[in-house]
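Visitor: Full structure from sequences and hints, please.
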Amino acid sequence: MRRDETLASVRLERLQKTFRGTRVLAGIDLTIEDGEFVTFVGPSGSGKSTLMNIMAGLEEPTHGRVWIDGTDVTNETPKNRGVAMVFQSYALYPHMTVRKNLAFPLEIAKMNAREIEARVVETANRLGIGALLERKPKELSGGQRQRVALGRALVRRPRLCLFDEPLSNLDAALRTQMRGELKKLHEDLKATFIYVTHDQAEAMTLSDRVVVLNAGVIEQVASPRDLYCNPKNLFVARFVGSPQINIATPETFGLCAPAEALSLAGQSVLAAVRPENVRALHHCPRPNAANAANAIEGRVYIVEPMGGETWVTIDMIGDVGTTRITARAEADFAARSGSRVWLDIDESRVLWFNAKTHERV
Amino acid sequence: MTSRSPLARAGLMLAVFAAMSFCVGPFVFQAITSLTPDRDIARTGLPSTLTLDHYASALAGRPFMHVVQNSIVVSSVVTVVSLAIAAPAAFAIVKLRVRGKRLLLAAALAISMFPPIATVSPLYLALRRAGLLDSLLGLTIPYTTFALPLALWILTGFFQDIPDDLYLAARIDGCSMFSAFRKVLLPLAMPGIATAAILTFIFAYNEFLYALTFLSSPDKRTIPVAISLFAGEHTEPWGDIAAASIISTLPLVVVAVTFQRKIVRALTAGAVKG
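Protein chains in written order, with this note's numbering: chain A, 1 to 361; chain B, 1 to 274.
If you are wondering where the hints come from, they were derived from the structure by calculation, not from laboratory data.
If we take Cβ atoms under 10 Å as the criterion, some of the chain A residues that face chain B in the derived model are:
(1) 56
(2) 107
(3) 108
Calculated from the model, a selection of chain A residues having no Cβ within reach of chain B, i.e. all distances over 12 Å:
(4) 13
(5) 313
(6) 358
BS3-like cross-link-like pairs, simulated, lysine-lysine; straight-line CA separation at most 27 Å:
(7) A:100 - A:110
(8) B:262 - B:183
(9) B:183 - A:136
(10) A:100 - B:262
(11) B:95 - A:136
(12) B:95 - A:110
(13) A:110 - A:136
(14) A:110 - A:190
(15) A:100 - B:183
(16) A:79 - A:110
(17) A:138 - B:95
(18) A:190 - A:100
(19) B:183 - A:110
(20) A:100 - A:184
(21) A:100 - A:138
(22) A:100 - B:95
(23) B:101 - B:183
(24) B:183 - A:138
(25) A:136 - B:262
(26) B:95 - B:183
(27) A:79 - A:100
(28) B:183 - A:79
(29) A:79 - A:190
(30) A:356 - A:232
(31) B:262 - A:138
(32) A:79 - B:95
Remember, predicted model here, so these are calculated numbers, not experimental data.
Just so you know, even glycine gets a beta-carbon here, dropped at the ideal spot from N, CA and C.
Guide: Spelled out as structure tokens, the structure:
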């Protein structure tokens, strides 16, 4: 079958979705290439799950079209799209054993029994659930259920696999482990993976490209690295990266906005700098230098040792109020709350944004 | 659990016994009456001897077994038809986008609230026009119209408890709407089906007013009507009535026990989340 052999590209064309007068998606245009791992990320209510359901064929768009491999599938049932999906809730069939759960999509497709058995065993072994085939879902741990859900999607050898926050019900350690396994699976299977999450770390670690959604529109589409270094606007800058990027007026950071940025933004700009580009120091870094002005001081709010390094949250007391920023410090950095610290900012890494439009300058 | 004081335990036992007596008492009384010789029936206390005469006389000279059969046939048909309609309807109302689903449910509830006595005359006229008076089919139709809303409401609740994601997953796995219903949702709704089946069967089995009004031939009668007509103008054969009641309880017990085993709670455990 051609469908099993080729990968699927997906094209979304001016997609809109309105629920009872509320606009959930406001015109989405996007092309996803064969074999890509694309992640949709955004806060809750950004429309990412709706978008996934429209691609799967579980919901119809109010306007716009969905193309898979050059075929318009906007009005096709999920069955005719040949798309697999892993649900956040796993949605395992509780009355069936793991074996039956895995075999279900193949039985519906009327595959012969021997082929089904072979595929089920192969998939189960690949996911390390070969020993659980006779169990019912209620006899499985959360992590095992997650693997069964994954298996039920992969057993069909789909060209296109959709993941709706598949890891969000796992504990932190298991989530990190499964994240790695998913990435490996994508490399092995060479299928197109489309992934929805609100966890920016998942988006960053897994994807070839990340699509940042906000209130039903695409804010930016870029590779994880590009998204991190070159956010198009303040929303993306804030959403990507942990701890969050520091945003303040240039004066707060003791910086002068570059002339070209000012001219473009009409005098009103905001500076944004990632925590790893701000160092917290116990003493003034350049006490005698001419540019001592950009060695600025603040008061320690809290100190969070992470092991390899330490994050320091600092209150910067300025003319217009207090700004709280996060800085990086050496692993052995220690300070009491309220004590004085100095900041050393890597000026070359500062991003400038228009204070009114929030767009990058 | 075992840390209760003896007094509290005794109190609990007493309460349980009282509740049991309240529910089972009439049945026990009926069972004893059915075995009591006629001369002892008017007396209080236990009978001096036991007899099976009432069972013999309830069955002899009357088409009583035929009546029991009528009741079983009517109740079974009503149960099967009601569930065959109510189960897909409840599924569609709960899991699909159906316009006016609230209105439909409200209307169903309103219909089941109608007092039967208010509808008995128009139904009589309608059945006479249709030529269905004095036939079991003529009884089955109005029974189904009353049982259907009941079954629909019970099943709607059960389908609501099944996570939507299971339906969506079935669709993704290649099921049509109907095969998702048949292969995934219906098996999970079995406790609801069993509950609705028991209640529908009991309703049809016990119904008296329509059966009395619409049926006239002795061999078409259902159990409640037949038993009520045991009493003659000058005789009150309590023993025979009791024996007939005990006999007619047996099919109900069979139905209840059969379906009760299907009522397993937490059938959907393990479907979603960890």
